[in-house]
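**Q** So the protein lines, in turn, are chains A and B. Just so you know, we're using our numbering here: the first sequence kicks off at 1 and counts up by one. Just so you know, we're using our numbering here: the second sequence kicks off at 1 and counts up by one.
Don't take every hint at face value.
You can't tell identical chains apart in this list, so a pair holds if it fits in one copy or across any two.
20 angstroms max Cα-Cα, derived SDA-like pairs, lysine to any residue [to be verified]:
id : residue 1 : residue 2
1  : K144      : P132
2  : K144      : D127
3  : K63       : G92
4  : K162      : D135
5  : K144      : S319
6  : K66       : E50
7  : K162      : Y141
Just so you know, these hints were derived from the structure itself, not from any lab.
Protein chains: 2
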Amino acid sequence: MKRLVCAVLAAGITTASAFAQQPQAPRLVSPEVMADGRVTFRLNAPKAEEVLLSGEFLDGNRKFEKGPDGIWAVTVGPIEPEIYHYNFTIDGVRTIDPANPQLKTGSTPSTISSVLEIKTPSPAFYDAQPVPHGDIRTHWYQSKSLNSIRRLTVYTPPGYDKATSRYPVLYLFHGANADENAWYRLGRANLILDNLIAAGKITPFVAVMPFGYGGQQQGENTAKFGKDLIEDVIPFIQATYRVFPDREHRAIVGLSMGGGQSLTIGLNNLDLFSYVGGFSAAIGNAANFSKTFAPLVNHADAANGKLKLLWVGCGTEDSLFGASKAFSEFLTANHIKHTFRETGGAHTWMVWRRYLNEISPLLFR
Amino acid sequence: MKRLVCAVLAAGITTASAFAQQPQAPRLVSPEVMADGRVTFRLNAPKAEEVLLSGEFLDGNRKFEKGPDGIWAVTVGPIEPEIYHYNFTIDGVRTIDPANPQLKTGSTPSTISSVLEIKTPSPAFYDAQPVPHGDIRTHWYQSKSLNSIRRLTVYTPPGYDKATSRYPVLYLFHGANADENAWYRLGRANLILDNLIAAGKITPFVAVMPFGYGGQQQGENTAKFGKDLIEDVIPFIQATYRVFPDREHRAIVGLSMGGGQSLTIGLNNLDLFSYVGGFSAAIGNAANFSKTFAPLVNHADAANGKLKLLWVGCGTEDSLFGASKAFSEFLTANHIKHTFRETGGAHTWMVWRRYLNEISPLLFR
Chain A
1 MKRLVCAVLA
11 AGITTASAFA
21 QQPQAPRLVS
31 PEVMADGRVT
41 FRLNAPKAEE
51 VLLSGEFLDG
61 NRKFEKGPDG
71 IWAVTVGPIE
81 PEIYHYNFTI
91 DGVRTIDPAN
101 PQLKTGSTPS
111 TISSVLEIKT
121 PSPAFYDAQP
131 VPHGDIRTHW
141 YQSKSLNSIR
151 RLTVYTPPGY
161 DKATSRYPVL
171 YLFHGANADE
181 NAWYRLGRAN
191 LILDNLIAAG
201 KITPFVAVMP
211 FGYGGQQQGE
221 NTAKFGKDLI
231 EDVIPFIQAT
241 YRVFPDREHR
251 AIVGLSMGGG
261 QSLTIGLNNL
271 DLFSYVGGFS
281 AAIGNAANFS
291 KTFAPLVNHA
301 DAANGKLKLL
311 WVGCGTEDSL
321 FGASKAFSEF
331 LTANHIKHTF
341 RETGGAHTWM
351 VWRRYLNEIS
361 PLLFR
Chain B
1 MKRLVCAVLA
11 AGITTASAFA
21 QQPQAPRLVS
31 PEVMADGRVT
41 FRLNAPKAEE
51 VLLSGEFLDG
61 NRKFEKGPDG
71 IWAVTVGPIE
81 PEIYHYNFTI
91 DGVRTIDPAN
101 PQLKTGSTPS
111 TISSVLEIKT
121 PSPAFYDAQP
131 VPHGDIRTHW
141 YQSKSLNSIR
151 RLTVYTPPGY
161 DKATSRYPVL
171 YLFHGANADE
181 NAWYRLGRAN
191 LILDNLIAAG
201 KITPFVAVMP
211 FGYGGQQQGE
221 NTAKFGKDLI
231 EDVIPFIQAT
241 YRVFPDREHR
251 AIVGLSMGGG
261 QSLTIGLNNL
271 DLFSYVGGFS
281 AAIGNAANFS
291 KTFAPLVNHA
301 DAANGKLKLL
311 WVGCGTEDSL
321 FGASKAFSEF
331 LTANHIKHTF
341 RETGGAHTWM
351 VWRRYLNEIS
361 PLLFR
């Protein structure tokens, strides 16, 4: 078994607290991606009785086998090149792969996973490539509507600082259990947009990624988040960035919980937004559509005139697929023009990265 | 036992992949900070045989007790208000507290811990307060010297975008196993500087936090990192930000591995830097000081004329304390003016946050 002892990082850099000085297990390689795309996961756990692997590349769990040295291992695949999330369950405790520094984090513990990236032979659309790169800015702002200090992430396209022209803006929302970093750390929104800009496929735009929780309850949450968005975030962006102030240059898109937010807020505020998208949207119960979207369907012709894009996408393996399909049927029944994009895939960032790559060329055209 | 079922975040936001749909244990509250400052940690692990707690608030480990429901718990403290890192060891596997979304991450797995924050009654110097806030910018840049795309974090003080004046620059380095996010996510550099600026205690400056690994071996690492710093990072910052171009407005400070880097690079490049600091610096073997710092000590008078500040700080509980003390003695023996700051504390972010708060008012004055 191949083990990597990180002498490099340890040499001369002794950490000193009693906490940090605790003996640590020798470093294993986990995950180890082999040339044929199979992946071996390892865990040093001589006392454990059962170790399970779960991940976006598997249906269900796979059991690790314990070696005579107390090191558990399991090999799966070949796995297609992608970025996946996975967990180990050690004697019933779902946790991370302790040998892998790449972690998925968020606003709740249920989101914590390890990250497995299997590289494509040539760069993927979400890879950092030698092209001009935009920046990610994190702002701490005082939300008057929520009476708290909140964080906000903003992507500016390459050359923004040197330019003098104005840019359109995409407001881009994360899902449940995530936070304002999710779209760039997990979704790689900045690298996807950098690559699309370098290829000349999109109109460069600023992307604004707010923190998606505003209230303690589900209905309240969208209302309070929407109030923060409209009364605090948008004015802050208009005052801080060189962006166009009109609805023709403003898009609103989100995934899962954020898809429910983008569709609900966007379609009820067509004076503010002209491009609206929902990815695997948690759009709620179809019985409520008529009420939630009354202003839209009661003025369908006006809405169709204002909407430059209404894009609803979901993977057929996603348990929210039925909701998206029902919402599309509701829109059709009410003569609201839209695109319903039915794809493969489940409720994962693999789908959402592709959707961002697909929808961005349709914006601000 | 108090359990929090996060119905809020789960309601209507069903995640859909087989992976995400795996049953999860009911959510426990861990850590739970009580009014008297004691803290209870909990883990749902009916099958585990031994669970240990380690952390910066403890000497050694504490054993959890298993309850009849399979829920393990341990109460420690009272603990002083601070931000601490801790780990659970479950049947010999050192991992995180799976119920706590706050994680410390970095560039190697050994750095992964959970975060316990005990709030002070009034805001601490590192807390987000209702004052003007600076921004954090993350750049992806092409390093010509290292032939790779690297990330770089930059703090701009409040009002930077609207201002027209130039700013001084602090180059601020992280330690081993960390990354370019460490100084703001763990060190809260931005909030510390925001609060100092609001109190009128410092000259506002831009802080540049590069990724600290350049090479595969220890000596090579500092040399390659220094090459990237001088040939790529500094020119990039000069071209991108409204900063002064002269050595009088440039400081270089780092912690641990980054302290070795800031002292080595800074004191060998006094044409570039006039303020130099090392926090708990991994400054290496005293036998090498004469060679590493030959240009400094061979021209002590010239160096003293150029150095506006040379600040070396270390906690007495830090295993690197001896190295800092030896370095101070070496400087004294060679008539190099400096401040040697001996404090309490170990090799922790608690010390480094305080050092940043202490050194910043000494810069650019």
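**Q** Evaluate K63 and G92 at a C-alpha cut-off of 20 angstroms and name the case that applies: within, between, both or neither.
**A** Classified as both: same-chain Cα gap 12 angstroms, cross-chain 19 angstroms, threshold 20 angstroms.
**Q** My question is about K162 and D135: at a cut-off of 20 angstroms on alpha-carbon distance, are they close within one copy, between copies, both, or neither?
**A** Both ways: K162 and D135 sit 13 angstroms apart in one copy and 18 angstroms across, limit 20 angstroms.
**Q** From the Cα coordinates, with 20 angstroms as the cut-off, is the pair K162 and Y141 best called within, between, both, or neither?
**A** Classified as between; 16 angstroms across copies, 25 angstroms inside a copy.
**Q** Indicate which option fits the pair K144, S319 if close means a Cα-Cα distance not exceeding 20 angstroms: within, between, both or neither.
**A** Neither. Shortest intra-copy (36 angstroms) and inter-copy (47 angstroms) distances fail the 20 angstroms Cα cut-off.
**Q** Between copies, within a copy, both or neither: which fits K144 and P132 at Cα up to 20 angstroms?
**A** For K144 and P132, only the inter-copy Cα distance (14 angstroms) is at most 20 angstroms; the intra-copy one is 36 angstroms.
**Q** Within a copy, between copies, both or neither: which one fits K66 and E50 at a CA-CA cutoff of 20 angstroms?
**A** Answer is both; intra-copy 9 angstroms and inter-copy 19 angstroms each pass.
**Q** Under a CA distance limit of 20 angstroms, which applies to K144 and D127: within one copy, between copies, both, or neither?
**A** Answer is between; shortest inter-copy Cα gap is 19 angstroms, intra-copy 38 angstroms.
Figure legend: structure checked against the earlier numbered hints; the only hint not met is number 5.
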